[in-house]
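Visitor: Note that the sequence shown covers residues 1 to 395 in full-length UniProt numbering.
Hints in this document: simulated from the structure, not taken from any laboratory. Each hint should be verified, as a subset may be incorrect.
What the hints assert, rightly or not - Label-pair ranges, simulated between beta-carbon atoms:
1. 197 - 137: 55 to 61 Å
2. 222 - 76: 36 to 42 Å
3. 140 - 307: 44 to 50 Å
4. 210 - 137: 41 to 47 Å
5. 207 - 154: 43 to 49 Å
6. 199 - 157: 48 to 54 Å
7. 369 - 45: 30 to 36 Å
8. 328 - 207: 36 to 42 Å
Virtual Cβ for every residue (Gly too), placed ideally from N, Cα, C.
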Amino acid sequence: MGSAFVYAAARTPFGRFNGALAGVRPDDLAAVALRGVVAKVSALDPAEIGDVVWGNANGAGEDNRNVGRMAVLLAGLPVTVPATTVNRLCGSGLDAAMIGSRTIESGDADVVVIGGVESMTRAPWVLPKPSRAFPAGDVTAVSTTLGWRLVNPAMPAEWTVSLGEANEQLAERFSISRERQDAFAARSHVLADAAWNAGFYDDLVVQVEGVDLARDEGIRPGTTPDVLAGLKPAFRPDGTITAGNASPLNDGASAVVLGSEAAAGRLGVDPLARVAGRAASALEPQLFGYAPVEAADRALRRAGVGWDEVGAVELNEAFAVQSLVCLDAWKADPEIVNTRGGAIAIGHPLGASGGRILGTLAHVLRERRERWGVAAICIGVGQGLAVVLENVSAR
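Using the sequences plus the hints, can you model the full thing?
Guide: In structure tokens, the structure reads:
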């Protein structure tokens, strides 16, 4: 079997909930990212794209009926380019990358574009159908923005606690203080702001036409632990999780071009990184924030790499507490983690986050001249994913 390589990455700026991107449909956001990343491999004839694999966690609104295929059509790619949409909740975009890399390694395609999209702002309310005709009582519309809804009563109650309560339980189990969480969150904002100011994201982010949003909308320059300490707990009266040390609700899209080694000539660019390992893991649903631990460990074992060789980590910051428990378990150097900011500052539009962390990791490895890196993400309902990249210029 051959290897799969990362050739290019692009994403939209990430908008806040009901922010600058609120008026943009998710299928249009997906098309922006798709066009943007294909433009980075301008020598490629788009008709040679073997497949598009797209992540999306909602799918209940304007992102219905295979939003990956909708993105292909709206982006103006040839109608002969196929596409599929995958849903592993927050991990959908990284799952798309894992599927795309396997497709290339198996020889089923030479070029695959992966990515993901989410408009949490535009996620609809859903109204379940009545069990009998002409009901006389009221009915309730259910928000599909985030978290458990329309829960099967057979599910144990401890599995279906809110995402915030689940992470409060992690804080208790692993003794993660409010102070550590606030410090981690402040660091995310400081590093994201510095990365934008330094021009790191200039080549990674493509603008959304007709929208006045030049950079990620949720970054708060000057955020400090002292400022975050003044926020009230969001899930328990005496809790540690606040709106400041958890990722916000967001809108955005991301995309990555994957290809075989032989595809370099047709793409007109050199590869950035090789997909060296990947893994999924699962555990009790309420412990989902801890799931990346085993996923990353498995992916590294499959790549034949130890944590002492890893030079960069992109861990999606769903909550500061779950990020900290993962780092503590890995015993990873915190200074190599999310060096260009993380989801607490940049945002977490569910289906788009996997593509964001993978593309960022490839560029961070190249910038820092490190050989090995890990992209990892936690997923609601108790799962985690991880991908190991090798910087091909650092072999």
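Visitor: Now tell me, hint by hint, if it's right for this structure.
Guide: A quick look at each hint next to the structure:
no.	hint	result
1	197 - 137: 55 to 61 Å	holds, 56 Å
2	222 - 76: 36 to 42 Å	holds, 41 Å
3	140 - 307: 44 to 50 Å	holds, 48 Å
4	210 - 137: 41 to 47 Å	holds, 44 Å
5	207 - 154: 43 to 49 Å	holds, 47 Å
6	199 - 157: 48 to 54 Å	holds, 49 Å
7	369 - 45: 30 to 36 Å	holds, 33 Å
8	328 - 207: 36 to 42 Å	holds, 38 Å
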